[in-house]
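Chemist: Residues -19 to -1, 1 to 136 (mature numbering (1 follows the signal peptide of the UniProt record, and there is no 0)) make up the sequence shown, in order.
Mixed in with the good hints there might be a few duds.
Using 27 Å as the maximum straight-line C-alpha spacing, the simulated DSS-like pairs for lysine-lysine come out as follows [said to hold, decoys possible]:
1) K127 with K12
2) K101 with K12
3) K17 with K133
4) K101 with K133
5) K127 with K60
6) K28 with K127
7) K17 with K29
8) K133 with K12
9) K12 with K29
Pairwise CB distance ranges, derived in the manner of DEER restraints [to be verified]:
10) A3 with S78: 34 to 44 Å
11) K133 with D6: 18 to 28 Å
12) R55 with N108: 32 to 42 Å
13) P105 with K133: 14 to 24 Å
14) F85 with P110: 31 to 41 Å
15) P57 with N108: 27 to 37 Å
16) P4 with P110: 37 to 47 Å
17) S114 with P57: 31 to 41 Å
18) A3 with Q115: 30 to 40 Å
Keep in mind that the hints were calculated from the coordinates and are not lab data.
Keep in mind it's a predicted model, so treat the numbers as computed, not measured.
Ideal Cβ placement from N, Cα and C applies to all residues, glycine included.
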Amino acid sequence: MKKVFVLFLTLLFSSALLADDAPIDLDALAKLYFEKMIATQSPTATKKELEAYLALLADDVGHSHLPWVTDDSRLPSGKEDMRQGMTFYLGAHTDYSAELLDVFTFNQSAIAIRYKNHAKGIHPQNNQPIEYSQTMMEVLEIEDGKVAVIRKYHE
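Input sequences plus hints: build the corresponding full structure.
Modeler: Quick look at the structure:
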């Protein structure tokens, strides 16, 4: 009886481990990431939208946004650093729109999204009007179902 019970527990435990290794739908994750990310750029964005976006990121997320942020090192404070930086710019846009152009997925480790965006607003640091339109590519490294590294490139 003990052997049957041990066998049962072993099967139950191993099936639970296998379930955690199920492939992630990277295409769906890319679209969700884009949706949550652009919501943080809306003129009406609040901390609620910011936290929904940050929930997709690893705690030690690395981030680069060339040419302004060049170091994408993963630090324990990565998500908190993103929170602070993004909170500073929250609500700075008076107009924002974005269109997802392409999604590329690479095995279970990376996503690239390409999109066009247009923004208009007041820069919170110098109170000067800003307006830009650009095509961006973000390369996202995925680890344990979370975005571990973000690399932003301008076309």
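Chemist: Sort out which numbered hints this structure fails and list those numbers smallest first.
Modeler: none
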